[in-house]
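Asker: For reference, the chains in residue letters:
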Amino acid sequence: MKYIKYLILGTVFGIVLTKAELISWFRIFEMFKFQAFHMYGVIGSAVVIGVIITRIIKATKMKSLSGDPIEMAPKTFSYPRYLIGGTIFGLGWALTGACPGPLFVQVGNGYLVMIVAIASGLFGTYVYGLVRNKLPH
Amino acid sequence: MIEFISQPWPWYVAGPVIALVMFSLIYFGNSFGMSANFRNICSIMGAGKSCDFFDFDWKKQMWNLVFVVGTILGGVIASQFLMNNEVVAISDATIAELSSYGIENPGEGMLPKSIFSFESLLTAKGLIMIVLGGFLVGFGTRYAGGCTSGHAISGLSDLQPASLLAVIGFFIGGLAMTWLILPSVLTL
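First to last, the sequence lines map onto chains A and B. When you line the first sequence up against the numbering used here, it's residues 133 to 269, in that order. When you line the second sequence up against the numbering used here, it's residues 129 to 316, in that order.
Just to be clear, a hint being listed does not mean it is correct.
As the list claims (entries may be wrong) - Label pairs and their in silico Cβ distance ranges: (1) A:E203 / B:A252: 45 to 55 Å; (2) B:T315 / A:I247: 38 to 48 Å; (3) A:E203 / B:Y229: 42 to 52 Å; (4) A:T208 / B:M190: 39 to 49 Å; (5) B:G230 / A:M204: 40 to 50 Å; (6) A:I136 / B:Q208: 40 to 50 Å; (7) A:R264 / B:W307: 25 to 35 Å.
These are computed hints drawn from the structure, not numbers from a lab. C-beta: ideal position from N, C-alpha, C; glycine also.
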C-alpha cells in the first residue's frame with residue numbers, strides 16, 4: 133500500500149503530459165523551431181514554481197513525510213558529461229519527439245510502436261553502462 | 129468542469145501541476161527523475177550480471193517503477209476518457225513546414241502516424257526515428273545523468289549549474305537535429 137501514492141502521482145503526471153500535448157512529436161518539433169510558446173510556457177512555469185518550492189524547502193528545513201530531513205545532493209559540475217551526454221539525448225529527443233517519461237505515456241495512449249523505442253532506450257542505457265569508464269565525465 | 133477537462137490544457141495549468149508532482153516526490157523522500165527507470169529496468173532484466181553499473185538493489189527504486197506504471201495508466205485514462213479533440217493545435221508555420229516534408233495532416237493525433245507505426249520499422253526513416261532515436265535517448269540521458277524531469281525541471285529548480293549545462297546540451301542536440309538533420313530524414 134505504501135506504493136499507492138506513487139501510482140496516483142504517476143497517473144496525474146501521465147494525464148497532464150497527455151492533456152497538455154507534451155507527449156506530442158509535433159509539439160517537440162514546434163518547440164525546437166521556436167514556432168510556439170507552449171512548451172516553453174510549460175517548462176518555464178514548472179521551473180519558476182519549482183525554484184520557489186525548492187527555496188521554501190531549504191529555508192524552512194522541511195522534513196519529508198517520514199520525518200527525515202529532505203536532502204538535495206548537489207550535482208558535481210563538469211563539462212564533458214553534461215554537455216556531450218545532454219547533446220546526445222537532445223538528438224534523440226528531437227527524433228522520437230519524446231523524453232523518457234513521454235515514451236511511456238505514449239504507450240498508454242495506444243502508440244504501441246513506442247515500446248520499440250523504449251526497448252532501444254534500454255539498450256542505449258545498457259551500452260552506456262558498458263562503455264562509461266571509457267567516456268569523459 | 130467536464131468541458132474544461134476535455135479541452136487541451138494550457139501551459140499555465142500543466143507547468144504548475146508538474147512542479148507539484150516534483151514537490152510531492154521530494155516530500156515523499158524521493159526525487160523526480162524518469163530516465164533512472166531505464167537503468168532500473170536494465171537491472172531487473174539481469175544487466176547487473178554482465179555490468180556492475182546495473183548491479184544494485186533495484187527494489188529500493190520500486191517507487192519509481194510504480195510511478196512509471198502510473199504514467200502509462202494516466203495515458204490510458206486521458207486518451208480513453210478525457211479527450212474529445214484529436215488535433216494538436218500546432219502553429220500554422222509548423223503545419224506548413226511539416227506538410228512540405230510530406231507529412232499528411234500535421235497535428236492529427238499525437239505523433240505522425242505515417243512514421244510512428246510498426247510497418248515503418250521496416251523503412252530507413254522509421255528505424256532512424258524510432259530505434260536510433262530511442263537508443264540516443266537511453267544512452268544520452270544516462271551519460272548526462274538525467275533527462276527533462278531530472279535536469280530541466282528538478283535540477284534548474286535547485287539552481288544546479290550542472291543541470292543548466294545539461295539543458296544547454298539538450299538544446300544543442302535538439303536544434304541540430306531539427307534544423308540540420310531532420311529535414312533529410314523526413315524526406316527519405
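Asker: Does each hint fit the structure? Answer for all of them.
Answerer: Right, here's what the structure says about each hint:
One distance hint, 45 to 55 Å for the beta-carbon pair A:E203 and B:A252, holds here, with the actual separation near 47 Å. For the hinted restraint 38 to 48 Å between B:T315 and A:I247, the CB-CB distance of approximately 27 Å leaves it violated. Separated by about 47 Å at the C-beta atoms, A:E203 and B:Y229 satisfy the suggested range of 42 to 52 Å. In this structure the hint that A:T208 and B:M190 lie 39 to 49 Å apart at CB is violated, the actual value being about 27 Å.
Hint check: B:G230 to A:M204, Cβ distance near 47 Å, so the stated range 40 to 50 Å holds. Checked against the hint of 40 to 50 Å, the C-beta distance between A:I136 and B:Q208 comes to roughly 21 Å, which is inconsistent with it. The supplied range of 25 to 35 Å is met by A:R264 and B:W307, whose beta-carbon atoms lie about 30 Å from each other.
Consistency with the previously given hints fails for numbers 2, 4 and 6, ordered from lowest to highest.
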